[in-house]
Amino acid sequence: MTEVEYDVIIVGAGCAGPAAAKKAAELGLKTLLLEKSRTPGEKNVSGTCLNMAALVDPDLHYLMKGPVEREITEMHSYMITPERTTMFRETPSEGLILLSIRRDHFDAWHTEEARKAGAEVRLATTVVDIIEENDAIKGVITDKGEKLRAKVIIDAAGVNSIVGRKAGLIPKRKGTDMILYVTVNVHLGEKLVTERFRNSIYYFLAPQTQYKTWPWAFPKKDVVTFGTGGYLDDNLFKDGINSVNDYMQNLLDLPVIKEKIKGGKIASWGLHLEFDEALERRTRDGLILTGEAGGFVIPFLGEGMVEAFLTGIYAAQTAAKAIEANDVSAAFLEEHFMEYYTGNVFLQSFRYVADFNKKSILSMPDEEIAAMMQNVCIGGGFISNAIHYNWMKGADEDDMSLVQEAKDFYEFIQPYRQVGSESVEIYKKMRAEK
Amino acid sequence: MKVEMKVDYYPGDPGEFVRVDESKCTGCGECAKFCTRNVWVQDGKIFRPKNLKACVECGACWNVCEFDAVIFEEPKGGTGVRFEYG
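Chains A and B, in that order, are what the protein sequence lines are.
First residue of the first sequence: 0, per numbering that gives the first Met the number 0; consecutive thereafter.
First residue of the second sequence: 0, per numbering that gives the first Met the number 0; consecutive thereafter.
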């Protein structure tokens, strides 16, 4: 039997995989996309809402043509203590902030887009190992024993990717870099979801419902998805909490939520890990890690899908360059891949904001976190918090370098802050084209 | 509303994709502690993934095992957990 060699093989059809496969096929590369599930989006995936501000990136416009569950126009943040419940309602002036999606529908659509662009797609195919020769990654081995070779392998197989682990790039992780969280989908039917949740997302800060993170509720068409959990360390379970399900139970028992889900029933339950620090290395000879496999996720801000889409696309562009230059060395891949990555203002600003706020939250006692969250809610979110905190601290301590840092970052994110109304226009255009 | 672990699975045998390396397991029980689905069960001095059919492939056990005793591979193509709504 003759061995077929591909230009690129992409492992995993979540967010990064189809984006990479579509781009690679469009660039004329012989592309194979492998996915272990029967329908993409049905395995252990994370992420439920697309950020409209990020979709303004021309590389991502086409995603607005995908199956959307609900157009999100509002955000509610609840701060709940034994004494009182405080609610902040935010209605961004641009109107549309997020698109909520069902991953089993969206990833399947996205994979079909990659196939239409010319990528070969194989579903129900698990990658069990990599082919390694002279310290370079040359291909993958499937559960059916097939050896598939390519000039470049793009790993898009998620947080526990076997490709990244076998290649020695994904280590074991716990503590404050790894979040374990549980999700439930509560079925209410479209009418009740609209009546009770409107087109809003919800965040909740309440005792015994989370550990160093915060619970959320995202409405879809006929269900509402709730999520909560915490960092994977010894403090995850204490004070009567023996499982992440206990956090979820306490969340669903909050009076504000109990009322909203009355009469509903749990349609499905899920459990996920998310890693929220950069990996030390994302490349080896012949291999690029993207999306969650590459540590390109910011669970702190609920961002991961956009990082995955973009790093998938950048990996495909990098592979095309490498193949053209006949140089698939880690050094070449790393240089070009990271050049695309660091050139994206959205990704860089979100990473900065997440790092800053995460550091604050990890170092603060719960009461201070509550105070900070209040500022975040009133003061325009985490971005403002990062700028404001450095600015005030610098002024207070007479440290001009902190003020300068705040100022520099404020300047840096201006392009991103101005995209509000533009995103709605692009969305309308894309839906009309659909 | 009581939290109910409503999970769906594809038909078909996923294979023994989670295993214990008996020579490395110290019986510390971290795998069981962080397993929400009670897959890991004590068996004498070590732990085994006796309840593997309940696994939802989160990978917590592999990540928390400091002794490299958890072997966490992949279920066969088109088998294992199936999440509705993503």
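Calculated from the structure, these hints are not laboratory results.
As the structure is a computational prediction, the values presented were derived from the model and not from experiment.
Hints are supplied without guarantee of correctness; some may be wrong.
Computed cross-link-like contacts, EDC-like style, restricted to lysine to aspartate or glutamate with a CA-CA straight-line distance of at most 20 Å [to be verified]:
id: 1; chain 1: A; residue 1: K171; chain 2: B; residue 2: E83
id: 2; chain 1: B; residue 1: K32; chain 2: A; residue 2: E421
id: 3; chain 1: A; residue 1: K64; chain 2: A; residue 2: E421
id: 4; chain 1: A; residue 1: K146; chain 2: B; residue 2: E83
id: 5; chain 1: A; residue 1: K165; chain 2: B; residue 2: E15
id: 6; chain 1: B; residue 1: K5; chain 2: A; residue 2: E82
id: 7; chain 1: B; residue 1: K5; chain 2: A; residue 2: D232
id: 8; chain 1: A; residue 1: K165; chain 2: B; residue 2: E83
id: 9; chain 1: A; residue 1: K220; chain 2: B; residue 2: E83
Problem - Pair hint outcome, K220/A versus E83/B [Cα-Cα no greater than 20 Å] - result: 14 Å, holds
Exercise for the section: Please work out if K165/A and E83/B have their alpha carbons no farther apart than 20 Å. Expected result: 29 Å, violated
Handout entry: Given hint E83/B paired with K146/A - CA-CA distance at most 20 Å
Key = 31 Å, violated
Practice task
Sort out whether E15/B lies within 20 Å of K165/A, counting only the CA atoms.
Solution key: Roughly 18 Å between the alpha carbons, so the hint for K165/A and E15/B holds.
Exercise for the section: Sort out whether E82/A lies within 20 Å of K5/B, counting only the CA atoms. Expected result: Not satisfied, since the Cα-Cα distance of roughly 34 Å exceeds 20 Å.
Problem - Agreement of K64/A and E421/A with the hint, judged by alpha carbon distance not exceeding 20 Å - result: Holds. K64/A to E421/A sits at ~16 Å (cutoff 20 Å).
Exercise for the section: For the pair we were handed, K171/A and E83/B, check the Cα-Cα distance against 20 Å. Expected result: 28 Å, violated
Exercise for the section: Given the hint that K32/B pairs with E421/A, test it: the Cα-Cα distance must not exceed 20 Å. Expected result: Measuring from Cα to Cα gives roughly 48 Å; hence the hint is violated.
Exercise for the section: Would you check the hint for K5/B and D232/A, treating anything up to 20 Å between C-alpha atoms as holding? Expected result: 26 Å, violated
Violated hints, in rising order: 1, 2, 4, 6, 7, 8; the structure is consistent with all others.
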